[in-house]
Amino acid sequence: MARADRAFGILIGLALVSSAILIALLLTLVPRAEQLLARGAEEPADVVAALVLALATCGISLGVFALFRQLAATAVLIRSLVARKIALPASVAQAAHGLELDQRIDVVADERPFSFCYWFLRPRICLSTALVARLDGEELRAVLLHERYHLQHRDPLRIVVARYFAAGLYVVPVVDELVGFYALQKEIAADEYAVSRDGVGALASALYKLLPDADDISLGLLVPVSSLSVTEARIEQLIASRQIAPTLSPVSIGLSGGALVAAAVLVAVQGGASMAFAALPQLVAVPGLLVGPASLLFAAAVDGGLHQLRPQSQRA
Amino acid sequence: MGKPDLRRLRRPEKAEEKFLGPLEADVMDRLWRRRSATVRDIVEDLGRSRELAYTTVMTIMVRLHDKGLLERVRDGKTYVYRPAFTREQHRARLSRDLARGLVAEFGDAALAAFTAELDTVDASHRATLRKLAQRGGRGAR
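In the order they appear, the protein sequences are chains W and C. Number 310 in my numbering belongs to position 310 of the first sequence; there are no gaps in the numbering. So my numbering is basically just the index in the second sequence, starting at one, shifted up by 1000.
Rather than coming from a laboratory, the hints here were simulated on the basis of the structure. One or more of the hints may lead you astray.
[Stated by the list, open to error] List time: in silico EDC-like cross-link candidates among lysine to aspartate or glutamate, alpha-carbon distance up to 16 angstroms: (1) C:K1067 / C:D1097; (2) C:K1077 / C:D1041; (3) W:K85 / W:D110; (4) C:K1131 / W:E236; (5) W:K85 / W:D106; (6) W:K209 / C:D1122; (7) W:K209 / W:D136; (8) W:K209 / W:E111; (9) C:K1131 / W:E111.
Here the structure is a predicted model, which is why all the values come from computation and not from measurement.
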């Protein structure tokens, strides 16, 4: 059950280290930017500094934008749900008995069967009437147990934080992939929690009843066909408890590593180390120490930035 | 009689619109069995089990046509209706739209969902899950 926590921990750890490196770079560049504004670009290093500052501005904007987008989408969703809220059906109250979820469950009128945990400091569980109608008492309890895990771990808050870092650190695309891995692990952990309390039957049955009705028609538009969907991975976990490794693409590992190394080199060049490199002929020093790292940063930035601009539903 | 078509063009197609009310479901059921029928045919068919006014059935069928679930061709003074999709196609469309609707609505919101409805699940995983549900001493759907 600790795997989801570990995944989140690794994600936050990497995000903080990356942020520290990038902020260090930003701080060394700020004095240069002031000079640049005062008297224009005089040497190649000035241009690199200006471009890196532009990247940083993009990162901050993307982070703020990601926060805003998530909060706005959540607010709109909650407003539409509150309008359709109904009194707690007896079946739900009965299924929730003994789970310490008093006053934490909302049931909303919707023809689509769904359930989720939402809100940040004091999360709540939302169930649709279609889900309640489709499931029996034990299945409902399994779903409530699953959501109770999310509620106790404040997963909605963790998601906001994780996505904020993924957007702000768009030059380190591995962070975004770790968000996906964490998103999967938390579902598996929530399933494991429900199974540990009430057994596998009720949860499997609930999951089965909620699958889309399309046995042979592919809905492949939503997830890449090559990898397991979240639900498929959850099913595998229910049968075999097979440990699922994070799927990090070599490209994003390369770009992320490259971007961080490049940032560290630029910090060193801009800071005290520049004295040591001053001895090198400029023809070697400039491309080697500035343009090289800077272009790695830009490559990572373009790749990650375009990805972060897309809404969650359109990401592969 | 061009008006319903115009209305259909203007109105955005929503997932909910493909859901059927009880009477709509009855009418679609008859049409899927008969393949094509006039309003009169359906009134007579349904009329065996209950009392239904011609205008009620006509309203339902015009609405189903507006929703794009029925096609129609004029035959003399009356229209002959037929389903635009097979029953299976309709079900697949419904669940695809459900999934798309939920993803579009919830995608950017910060929440942790019991996500089964949003995902693709291939036939072998589906079968495995079914077995798992039954092995746990339960009868799944």
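So, going through the hints one by one against the coordinates:
no. : hint              : in the structure
1   : C:K1067 / C:D1097 : 14 angstroms, holds
2   : C:K1077 / C:D1041 : 15 angstroms, holds
3   : W:K85 / W:D110    : 9 angstroms, holds
4   : C:K1131 / W:E236  : 12 angstroms, holds
5   : W:K85 / W:D106    : 7 angstroms, holds
6   : W:K209 / C:D1122  : 15 angstroms, holds
7   : W:K209 / W:D136   : 10 angstroms, holds
8   : W:K209 / W:E111   : 15 angstroms, holds
9   : C:K1131 / W:E111  : 27 angstroms, violated
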